[in-house]
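A.B. asks: Here's the letter readout for the chains.
Protein chains: 2
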Amino acid sequence: MKLATLKTHERDGVLVVVSKDLQRCQKIADIATLQYALDHWQDCAPKLQAVYDTLNANENTGEAFDEAACHSPLPRAYQWADGSAYINHVELVRKARGASVPESFYEDPLMYQGGSDSFLAPHDDITAHEDWGIDLEAEVAVITGDVPLGASADEAAKAIRLVMLVNDVSLRNLIPDELAKGFGFFQSKPASAFSPVAVTPDELTAWQGSKLHLPLVVHINDKPFGKPNAGTDMTFDFGQLIAHAAKTRNLAAGTIIGSGTVSNKQDSLWGSSIEHGGVGYCCLAELRMYESIESKAQTPFLKHGDTVRIEMFDENHENIFGTIKNTVNAINRQA
Amino acid sequence: MKLATLKTHERDGVLVVVSKDLQRCQKIADIATLQYALDHWQDCAPKLQAVYDTLNANENTGEAFDEAACHSPLPRAYQWADGSAYINHVELVRKARGASVPESFYEDPLMYQGGSDSFLAPHDDITAHEDWGIDLEAEVAVITGDVPLGASADEAAKAIRLVMLVNDVSLRNLIPDELAKGFGFFQSKPASAFSPVAVTPDELTAWQGSKLHLPLVVHINDKPFGKPNAGTDMTFDFGQLIAHAAKTRNLAAGTIIGSGTVSNKQDSLWGSSIEHGGVGYCCLAELRMYESIESKAQTPFLKHGDTVRIEMFDENHENIFGTIKNTVNAINRQA
Chain A
1 MKLATLKTHE
11 RDGVLVVVSK
21 DLQRCQKIAD
31 IATLQYALDH
41 WQDCAPKLQA
51 VYDTLNANEN
61 TGEAFDEAAC
71 HSPLPRAYQW
81 ADGSAYINHV
91 ELVRKARGAS
101 VPESFYEDPL
111 MYQGGSDSFL
121 APHDDITAHE
131 DWGIDLEAEV
141 AVITGDVPLG
151 ASADEAAKAI
161 RLVMLVNDVS
171 LRNLIPDELA
181 KGFGFFQSKP
191 ASAFSPVAVT
201 PDELTAWQGS
211 KLHLPLVVHI
221 NDKPFGKPNA
231 GTDMTFDFGQ
241 LIAHAAKTRN
251 LAAGTIIGSG
261 TVSNKQDSLW
271 GSSIEHGGVG
281 YCCLAELRMY
291 ESIESKAQTP
301 FLKHGDTVRI
311 EMFDENHENI
321 FGTIKNTVNA
331 INRQA
Chain B
1 MKLATLKTHE
11 RDGVLVVVSK
21 DLQRCQKIAD
31 IATLQYALDH
41 WQDCAPKLQA
51 VYDTLNANEN
61 TGEAFDEAAC
71 HSPLPRAYQW
81 ADGSAYINHV
91 ELVRKARGAS
101 VPESFYEDPL
111 MYQGGSDSFL
121 APHDDITAHE
131 DWGIDLEAEV
141 AVITGDVPLG
151 ASADEAAKAI
161 RLVMLVNDVS
171 LRNLIPDELA
181 KGFGFFQSKP
191 ASAFSPVAVT
201 PDELTAWQGS
211 KLHLPLVVHI
221 NDKPFGKPNA
231 GTDMTFDFGQ
241 LIAHAAKTRN
251 LAAGTIIGSG
261 TVSNKQDSLW
271 GSSIEHGGVG
281 YCCLAELRMY
291 ESIESKAQTP
301 FLKHGDTVRI
311 EMFDENHENI
321 FGTIKNTVNA
331 INRQA
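Chains A and B are the protein sequences, given in the same order. According to the UniProt record's numbering, the first sequence is numbered sequentially starting from 1. According to the UniProt record's numbering, the second sequence is numbered sequentially starting from 1.
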């Protein structure tokens with residue numbers, strides 16, 4: 001089934017079941033929020049599924065669904081942990097600065113704890129200073145149920161409740177100083193935006209082996225920028241990523257785990273961009289790394305007014321999760 | 001006023017107002033959880049204050065308050081970010097490995113994003129393998145209201161709603177490898193435990209300049225281990241820590257910001273322990289650093305069966321926040 005959260009005056013918005021074609025939606029009596037549904041999944045899932053089945057069977061049910069009225073499926077979450085499962089991305093980072101990737105990186109996932117107290121809505125602006133080096137990171141993410149401390153990758157995979165897309169906004173020019181301090185990302189990772197719709201794995205024919213085997217489609221200012229396959233070159237599947245997060249602690253229902261920037265192995269700068277026959281990129285940093293390796297990074301980061309679009313289409317070219325569409329805007333603080 | 005959360009069958013428990021002497025408590029109609037109160041603070045705070053005033057004025061109101069029935073004031077939170085405001089602690093870490101502290105550390109706080117999806121209750125066991133190097137970290141923490149992106153330290157200080165104590169459990173033997181990966185703490189920081197009671201700053205005569213000027217009292221297995229003053233040698237006050245967290249993003253109501261391990265400057269291993277006239281330590285790592293600097297770390301980390309107690313007393317020797325009391329236990333996974 002497909003679920004979304006509409007904005008209301010409350011911070012958690014209101015949960016709706018969305019039709020498979022993203023045309024209509026319906027609120028559910030007694031299940032006000034997605035977090036509530038996740039907290040009581042055994043009871044709620046069958047009720048939600050019944051609404052979903054009716055919505056798809058009868059075109060006269062529900063009301064019009066408007067992605068622009070959506071919040072992120074979880075407008076705020078108790079946990080957002082982002083992996084870095086596409087090692088190609090890490091290899092390029094290292095290669096660009098003349099370093100090699102430690103062997104352990106192929107066994108032990110990279111993961112950072114992200115801020116989850118207030119996400120951007122799917123169509124919200126990104127407000128940031130240009131000199132912070134504003135970048136997108138297009139990724140796949142899952143929402144889990146409860147996962148016990150020490151869960152195996154197989155156990156962890158069974159706890160996956162929903163799949164989404166995410167734009168993990170990154171402030172590249174703040175990252176080097178922050179990582180040098182040794183405590184990981186903080187200021188360099190402002191609020192992320194998730195796709196309007198979250199989808200159960202059973203709904204996704206391309207969900208196999210805890211990976212989503214479809215191209216992740218990225219546009220910058222309506223120009224094709226990336227379309228790497230999210231099922232290709234993913235060194236750690238979502239079961240492994242969740243098990244990594246659960247090694248020393250329980251994970252509570254509503255935990256969001258990200259894949260890291262989707263990235264397929266390509267030979268070189270020439271041929272990697274979409275216009276030259278490649279699959280392109282899911283972040284500007286990756287293009288800049290190819291440029292660095294061959295000469296000098298020259299593609300700028302995002303400027304005020306730039307718009308990023310992230311989406312994924314099924315075998316019938318239908319939009320699965322709705323569209324993340326973030327325009328970059330200046331910070332305009334009221335005194 | 002003083003607030004706590006009693007455990008119920010629901011994940012967020014139920015909010016109670018607690019009498020100043022921690023003897024009695026009362027539930028509040030229409031304000032079920034602390035997160036709800038924080039989300040609607042302008043409306044809720046006067047109602048809670050009225051209950052608090054009545055509770056203190058009349059000994060026949062309310063019911064008996066039992067710290068053992070408490071969850072952490074926020075059993076789960078949308079954000080838990082922990083600073084490292086007592087630079088003495090950082091200086092010792094560095095000195096123990098023969099490195100100096102970068103100048104920037106005195107201007108720019110260290111802070112990491114912690115996991116907040118499920119905290120330990122104040123009297124819960126810490127379940128972990130001994131070979132992970134289990135350590136306590138006794139700290140002060142605050143819960144904020146909404147803080148806008150770019151807030152100044154003064155603005156941020158005004159957003160402090162509640163003050164608590166915290167045991168930021170750390171797995172010392174997992175830290176070096178994890179930090180070497182560059183993405184900060186994750187597995188090395190399992191669930192933290194907060195004090196049974198959270199207290200508004202207006203209630204604390206020792207709250208001055210966004211610091212809490214009282215000794216933080218730590219016992220290990222009922223033996224005095226630390227009593228450094230939390231208002232002394234705190235390089236960054238809570239306003240500065242919150243402003244650091246809000247530099248590139250809004251912070252939502254219910255954000256918890258920690259001080260980092262409380263640590264007062266002491267000359268050397270000899271004289272720093274309580275039994276030798278010092279103020280002792282708020283984590284075993286600090287004692288081990290003194291030992292390393294002078295010879296070799298020899299005090300072991302926590303063993304199964306060890307109990308840590310963390311509390312703070314006012315000018316009249318009254319327990320302000322109740323007691324954090326965590327016993328270390330082996331992981332006992334059901335298949």
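By construction, these hints were calculated from the structure, which means they are not laboratory data. Incorrect hints may have been included.
For identical chains, the list gives no copy identity; a pair is met inside one copy or between any two copies.
Unchecked claim - Dumping the calculated BS3-like pairs for lysine-lysine here, alpha-carbon to alpha-carbon at most 25 Å:
#, residue 1, residue 2
1, Lys265, Lys296
2, Lys47, Lys303
3, Lys223, Lys7
4, Lys247, Lys265
5, Lys27, Lys181
6, Lys303, Lys247
7, Lys181, Lys95
8, Lys247, Lys296
9, Lys27, Lys247
10, Lys303, Lys223
11, Lys27, Lys265
12, Lys47, Lys95
13, Lys158, Lys325
14, Lys158, Lys95
15, Lys265, Lys181
16, Lys303, Lys211
17, Lys47, Lys181
18, Lys7, Lys303
19, Lys158, Lys211
20, Lys325, Lys247
21, Lys247, Lys211
22, Lys211, Lys7
23, Lys325, Lys296
24, Lys181, Lys223
25, Lys27, Lys95
A.B. asks: Next step is simple, just say for each hint if it's right about the structure.
C.D. replies: Here is what the structure says about each hint:
1. For the homomeric pair Lys265 and Lys296, the shortest alpha-carbon distance inside one copy (20 Å) is at most 25 Å, but the shortest distance between copies (47 Å) is not.
2. Taking identical chains as interchangeable, the C-alpha atoms of Lys47 and Lys303 are never at most 25 Å apart, the minima being 45 Å within one chain and 47 Å between chains.
3. In this assembly of identical chains, the alpha carbons of Lys223 and Lys7 never lie at most 25 Å apart, being 29 Å within a copy and 53 Å across copies at closest.
4. Proximity of Lys247 and Lys265 under a CA criterion of 25 Å is satisfied in neither setting, with 29 Å inside one chain copy and 35 Å between copies.
5. Taking the closest pair of Cα atoms, Lys27 and Lys181 never come within 25 Å of each other, the shortest separation being 46 Å inside a single copy and 44 Å across copies.
6. Proximity of Lys303 to Lys247 under the C-alpha cut-off of 25 Å is restricted to the inter-copy arrangement: shortest distance 19 Å between copies versus 40 Å within a copy.
7. Proximity of Lys181 and Lys95 under a CA criterion of 25 Å is satisfied in both settings, with 22 Å inside one chain copy and 16 Å between copies.
8. Neither within a single protomer nor between protomers do Lys247 and Lys296 lie at most 25 Å apart by alpha-carbon distance, with minima of 40 Å and 30 Å respectively.
9. Taking the shortest alpha-carbon separations for Lys27 and Lys247, neither the intra-copy value of 37 Å nor the inter-copy value of 37 Å comes in at or below 25 Å.
10. Taking CA atoms no more than 25 Å apart as the test, Lys303 paired with Lys223 passes inside one copy only; the shortest distance there is 15 Å, against 58 Å between copies.
11. Taking identical chains as interchangeable, the C-alpha atoms of Lys27 and Lys265 are never at most 25 Å apart, the minima being 43 Å within one chain and 58 Å between chains.
12. Taking identical chains as interchangeable, the C-alpha atoms of Lys47 and Lys95 are never at most 25 Å apart, the minima being 50 Å within one chain and 59 Å between chains.
13. Taking the shortest alpha-carbon separations for Lys158 and Lys325, neither the intra-copy value of 31 Å nor the inter-copy value of 34 Å comes in at or below 25 Å.
14. In this assembly of identical chains, Lys158 and Lys95 lie within 25 Å of each other by CA distance neither inside one copy nor across copies; the values are 36 Å within and 46 Å between.
15. Proximity of Lys265 to Lys181 under the C-alpha cut-off of 25 Å is restricted to the inter-copy arrangement: shortest distance 22 Å between copies versus 31 Å within a copy.
16. In this homomeric assembly, Lys303 and Lys211 never come within 25 Å of each other (Cα to Cα): the closest approach is 33 Å inside a single copy and 40 Å across copies.
17. With identical chains, the CA atoms of Lys47 and Lys181 are never at most 25 Å apart, being 48 Å at best within one copy and 44 Å at best between copies.
18. For the identical chains of this complex, Lys7 and Lys303 are neighbours neither inside a copy (27 Å) nor across copies (49 Å), given an alpha-carbon limit of 25 Å.
19. Taking identical chains as interchangeable, the C-alpha atoms of Lys158 and Lys211 lie at most 25 Å apart only when both belong to the same chain, with a minimum of 13 Å there against 45 Å between chains.
20. For a Cα distance limit of 25 Å, the shortest separation of Lys325 from Lys247 across copies, 24 Å, qualifies, whereas the shortest one inside one copy, 35 Å, does not.
21. Proximity of Lys247 to Lys211 under the C-alpha cut-off of 25 Å is restricted to the intra-copy arrangement: shortest distance 21 Å within a copy versus 35 Å between copies.
22. Taking the closest pair of Cα atoms, Lys211 and Lys7 never come within 25 Å of each other, the shortest separation being 30 Å inside a single copy and 38 Å across copies.
23. Taking the shortest Cα distances, Lys325 and Lys296 never come within 25 Å of each other, neither inside one copy (29 Å) nor across copies (56 Å).
24. In this assembly of identical chains, Lys181 and Lys223 lie within 25 Å of each other by CA distance neither inside one copy nor across copies; the values are 37 Å within and 35 Å between.
25. Taking CA atoms no more than 25 Å apart as the test, Lys27 paired with Lys95 passes in neither setting, with 50 Å inside one copy and 59 Å between copies.
Comparing the model with each earlier hint shows violations of hints 2, 3, 4, 5, 8, 9, 11, 12, 13, 14, 16, 17, 18, 22, 23, 24 and 25; every other hint is respected.
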